[in-house]
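So the sequences go chain by chain: Y and L.
The numbering of the first sequence is the numbering used here, which starts it at 1 and goes up by one.
The numbering of the second sequence is the numbering used here, which starts it at 1 and goes up by one.
Read the hints as simulated data drawn from the structure, not as lab findings.
Note that CB positions come from ideal geometry on N, CA and C, so glycine has one too.
Be a bit skeptical, because a hint or two may be false.
Residues of chain Y clear of chain L, computed beta-carbon distances all greater than 12 Å [stated by the list, open to error]:
1) G29
2) G30
3) F39
4) T92
5) E106
6) D139
7) R165
8) D167
9) S169
10) V176
One-sided and incomplete, this derived list gives chain Y residues near chain L with beta-carbon spacing under 8 Å [what the hints assert, rightly or not]:
11) I28
12) T34
13) H37
14) T44
15) V57
16) R59
17) M61
18) K65
19) N69
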Amino acid sequence: MKSLTGKAKVLDNPKMTFLERIYLPAIIGGITITLRHLFKRKTTIRYPEQKRTFSPVWRGMHVLKRDDNGAERCTACGLCAVACPAEAITMTAAERKPGEEKLYREEKYAATYEINMLRCIFCGLCEEACPKEAIFLTDRLVSTDYARDGFIYGKDKLVEPVDNRVDVSKRQSPKVLEFKKIKHLRHNR
Amino acid sequence: MTSFFIYKAILVVVVFGIMLLAAMYSTYLERKVAAFIQDRVGPNRAGPFGILQPLADGIKMFMKEEIIPEVANKTLFIVGPCIAMLTAIMAGVVIPWGGELVINGVPYVLQIIDFDFGLLYVFGVVSLGVYGIMIGGWASNNKFSLFGAIRASAQMISYEIAMGISIIALIMMTGTLSLREIVEFQAGGTGGTWNFWNVVYQPLGFLLFLVCAFAECNRTPFDLPESETELVGGYHTEYSSMKLGFYLFAEYINMFISSAVISTLYFGGTNFPFMNDLGLSQNAITILGTLAFFIKIGFFVFFYMWIRWTLPRFRYDQLMYLGWRVLIPLAIANVAITGLVMILTDRV
Numbered sequence: 001m002k003s004l005t006g007k008a009k010v011l012d013n014p015k016m017t018f019l020e021r022i023y024l025p026a027i028i029g030g031i032t033i034t035l036r037h038l039f040k041r042k043t044t045i046r047y048p049e050q051k052r053t054f055s056p057v058w059r060g061m062h063v064l065k066r067d068d069n070g071a072e073r074c075t076a077c078g079l080c081a082v083a084c085p086a087e088a089i090t091m092t093a094a095e096r097k098p099g100e101e102k103l104y105r106e107e108k109y110a111a112t113y114e115i116n117m118l119r120c121i122f123c124g125l126c127e128e129a130c131p132k133e134a135i136f137l138t139d140r141l142v143s144t145d146y147a148r149d150g151f152i153y154g155k156d157k158l159v160e161p162v163d164n165r166v167d168v169s170k171r172q173s174p175k176v177l178e179f180k181k182i183k184h185l186r187h188n189r
Numbered sequence: 001m002t003s004f005f006i007y008k009a010i011l012v013v014v015v016f017g018i019m020l021l022a023a024m025y026s027t028y029l030e031r032k033v034a035a036f037i038q039d040r041v042g043p044n045r046a047g048p049f050g051i052l053q054p055l056a057d058g059i060k061m062f063m064k065e066e067i068i069p070e071v072a073n074k075t076l077f078i079v080g081p082c083i084a085m086l087t088a089i090m091a092g093v094v095i096p097w098g099g100e101l102v103i104n105g106v107p108y109v110l111q112i113i114d115f116d117f118g119l120l121y122v123f124g125v126v127s128l129g130v131y132g133i134m135i136g137g138w139a140s141n142n143k144f145s146l147f148g149a150i151r152a153s154a155q156m157i158s159y160e161i162a163m164g165i166s167i168i169a170l171i172m173m174t175g176t177l178s179l180r181e182i183v184e185f186q187a188g189g190t191g192g193t194w195n196f197w198n199v200v201y202q203p204l205g206f207l208l209f210l211v212c213a214f215a216e217c218n219r220t221p222f223d224l225p226e227s228e229t230e231l232v233g234g235y236h237t238e239y240s241s242m243k244l245g246f247y248l249f250a251e252y253i254n255m256f257i258s259s260a261v262i263s264t265l266y267f268g269g270t271n272f273p274f275m276n277d278l279g280l281s282q283n284a285i286t287i288l289g290t291l292a293f294f295i296k297i298g299f300f301v302f303f304y305m306w307i308r309w310t311l312p313r314f315r316y317d318q319l320m321y322l323g324w325r326v327l328i329p330l331a332i333a334n335v336a337i338t339g340l341v342m343i344l345t346d347r348v
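Here chain Y stands alone, though its shape is the one from the complex:
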């Protein structure tokens, strides 16, 4: 009988032949297969010593960028928090005092800036929303922790150190930057 989809398989349970019943040929076949695997190249990546290269579009832990003079770019406008679909970002704004021009680029800055890494889905919408090129997702991993509190990353973990800049050019390649300049695209407004 033909089935409607034509995908049905007719199963029958034929009696095993003598060679099948004495198991030995099948066992020898099996052990030759496992023996071949014994000498195959191992696919394991020995993690701490050996690291798998990330895909160029990998979105990992965030960074809050500084500008060329070492001042924080973020002005605490809150667009990233609004854009965030997981509501992972919170911040409080503060006004820059005279003499702090070296620390903060604009007159307003983020006094606190927290991302809950357990909520974050690493979609990258904060990066797209940011008008100041301040937040980027990098190819760094969010490490594990024993407590939930440890996953709320403050400015101490997010802002890049002055002397140890984080490279974001992997995803922000010249092509991407060029694309971002096309302001009539709704995407880039």
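Once you have looked at the hints, place chain L on chain Y.
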């Protein structure tokens, strides 16, 4: 007389140490072989290539909390793993680990005791091993443990019959039960005459013995007593800490011993090809022979693991079918054929 005791004492300690060491490193080897067969690398953190892994495991086992269930029979719960370990180690007494070592003109045989009924002794001790599993499984007062124990005893009893009958053909050929004499029977290249290993004369007997040895050691494809997918852990479900370690250890020692017995009975034991044609001194031959023996044992231990990571477990009815309706008739047929050939070739 005292020197005799000292030499025996040293031998006992060395054999005991080697068996424990072999069991320890079998666990390491098992994990490595499993990993390699599955294209992984296995333990590689403790020491170079992970060779300190057994030590780490041992320390972990000792440090673990010891749990004796409230409803368990406390005495038997402790006796179980002790019996398993004891019977596993006892079988090493009669294995001929090497030939004669002549030091200062005094011959020292590298075998603890040479019974004339050595083979029977091995069988007796190995079949006692089921008591360790039975008692442990029963004393746990847990249905999974009891299932495991019952499976183990039924399986061991069924396969011991086939094993015993398969060995009868070999005994008919060699005419002795002493393991040392069986080894000497297979000595290769003695003065121009060739004695082949017994596996050449008894291929079917070897195959039957091998299958039964797998069943006796509770190794895959016959690991029904502890089948973790069905019985949690089988007879050692309730065990923790070093008592669990003893059961696992006993299994690996059993593997080691049965590999030694297989190589003794069918693969020439301490004999190696051309051993008497190379013109080596007696001591050199003995040492090389012991080395060859351990290589053979190592191969069979590896073979156990190789099979484990290749074949799936039998269903229980398949297991019983294979034991009673395939292996036992084959073993009897093997005895009959061996007898017939011996009469026809005048080797009685």
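Evaluated hints:
1. G29: violated, 10 Å
2. G30: violated, 5 Å
3. F39: violated, 8 Å
4. T92: holds, 45 Å
5. E106: With a cut-off of 12 Å, E106 (chain Y) remains clear of chain L, as the shortest Cβ separation is near 50 Å.
6. D139: holds, 25 Å
7. R165: holds, 34 Å
8. D167: About 31 Å separates D167 (chain Y) from the closest Cβ of chain L, which puts it past 12 Å; holds.
9. S169: holds, 34 Å
10. V176: holds, 38 Å
11. I28: violated, 10 Å
12. T34: holds, 5 Å
13. H37: Given a least distance of 5 Å, the restraint on H37 (chain Y) holds.
14. T44: holds, 5 Å
15. V57: With a minimum Cβ separation of about 28 Å from chain L (threshold 8 Å), the hint on V57 (chain Y) is violated.
16. R59: violated, 29 Å
17. M61: violated, 26 Å
18. K65: Check failed: Cβ of K65 (chain Y) comes no nearer than 38 Å to chain L, outside 8 Å.
19. N69: For N69 (chain Y), the interface hint is violated, since the closest Cβ of chain L sits about 46 Å away, which is over 8 Å.
The structure does not agree with the numbered hints 1, 2, 3, 11, 15, 16, 17, 18, 19 stated previously, though it agrees with the rest.
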